[in-house]
Amino acid sequence: MENATGRKIKRIHSDNGGEYTGRLFKEYLSKQGIRHEKTVTYTPQQNELAERMNRSLVEMARCMFYHECIDKKWWAEAVNTSAWITNRIPNTVTVKTPYKIVYQKKPQLKSLNVFGALGYGHIPDEKRRKLDAKAFKCRFLGYEDCVKGYRVLNHGRRHD
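Taking our numbering, the leading residue of the sequence shown gets 1, the next gets one more, and so forth.
FYI, nobody ran anything at the bench for these hints, they're computed from the structure. For each residue, glycine too, the CB sits at the ideal point set by N, CA and C. Any given hint could be a false lead.
[Unchecked claim] In silico DSS-like links for lysine-lysine, alpha-carbon gap of 30 Å or less: (1) K110 / K127; (2) K10 / K100; (3) K110 / K96; (4) K10 / K106; (5) K134 / K148; (6) K137 / K127; (7) K8 / K148; (8) K148 / K100; (9) K137 / K110; (10) K38 / K106; (11) K96 / K106; (12) K10 / K31; (13) K96 / K38; (14) K8 / K31; (15) K100 / K38.
[Stated by the list, open to error] Label pairs and their computed distance ranges (CB to CB): (16) R55 / Y20: 17 to 25 Å; (17) H155 / R62: 38 to 46 Å; (18) R11 / K134: 47 to 55 Å; (19) E144 / K73: 14 to 22 Å; (20) G33 / L131: 24 to 32 Å; (21) F136 / G33: 41 to 49 Å; (22) I89 / T5: 15 to 23 Å; (23) Y42 / T86: 20 to 28 Å; (24) W75 / Y20: 16 to 24 Å; (25) K134 / R55: 40 to 48 Å; (26) Y120 / L24: 36 to 44 Å; (27) L49 / A133: 26 to 34 Å.
Could you build all of it, start to finish, from the sequences and the hints given here?
Structure, rendered in structure tokens:
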């Protein structure tokens, strides 16, 4: 297991949530030589930085929902987009963006979009016939890692 910089992960810190205490997860960490530090159950104050970040991400997602009147079933997309944005905003402690700290370069912000904004997605020639539409109506849901593209909700299908 490596992080985005290619460095081997040596240690993780988590709460005692079930997703972190399963047998398979423990075996994986052991095989990888990763040390797992856990907080005491029901003591979020021991993990205050992570808890505060989660709160900030959820608050940002809530604002996105109200701004564009999006159905709350898309909460995971909103939180992921919140994290994407947060990683590109300067940190008050380091005065750098988390993105710059990890990748040693400034993030590209030319592709910023409003969560939930309506738009049109391109349909490639290979996916349509001569008289078919060249675009589809969609709603912006977020950014795709390692791909030049976006996550969108196709309004041509019944999704929301």
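These are the hints, each one checked on the structure:
no.: 1; hint: K110 / K127; verdict: 28 Å, holds
no.: 2; hint: K10 / K100; verdict: 22 Å, holds
no.: 3; hint: K110 / K96; verdict: 18 Å, holds
no.: 4; hint: K10 / K106; verdict: 26 Å, holds
no.: 5; hint: K134 / K148; verdict: 19 Å, holds
no.: 6; hint: K137 / K127; verdict: 16 Å, holds
no.: 7; hint: K8 / K148; verdict: 27 Å, holds
no.: 8; hint: K148 / K100; verdict: 19 Å, holds
no.: 9; hint: K137 / K110; verdict: 22 Å, holds
no.: 10; hint: K38 / K106; verdict: 33 Å, violated
no.: 11; hint: K96 / K106; verdict: 9 Å, holds
no.: 12; hint: K10 / K31; verdict: 12 Å, holds
no.: 13; hint: K96 / K38; verdict: 28 Å, holds
no.: 14; hint: K8 / K31; verdict: 13 Å, holds
no.: 15; hint: K100 / K38; verdict: 28 Å, holds
no.: 16; hint: R55 / Y20: 17 to 25 Å; verdict: 19 Å, holds
no.: 17; hint: H155 / R62: 38 to 46 Å; verdict: 23 Å, violated
no.: 18; hint: R11 / K134: 47 to 55 Å; verdict: 50 Å, holds
no.: 19; hint: E144 / K73: 14 to 22 Å; verdict: 20 Å, holds
no.: 20; hint: G33 / L131: 24 to 32 Å; verdict: 59 Å, violated
no.: 21; hint: F136 / G33: 41 to 49 Å; verdict: 47 Å, holds
no.: 22; hint: I89 / T5: 15 to 23 Å; verdict: 20 Å, holds
no.: 23; hint: Y42 / T86: 20 to 28 Å; verdict: 27 Å, holds
no.: 24; hint: W75 / Y20: 16 to 24 Å; verdict: 21 Å, holds
no.: 25; hint: K134 / R55: 40 to 48 Å; verdict: 43 Å, holds
no.: 26; hint: Y120 / L24: 36 to 44 Å; verdict: 43 Å, holds
no.: 27; hint: L49 / A133: 26 to 34 Å; verdict: 48 Å, violated
The structure shown violates the earlier hints numbered 10, 17, 20, 27.
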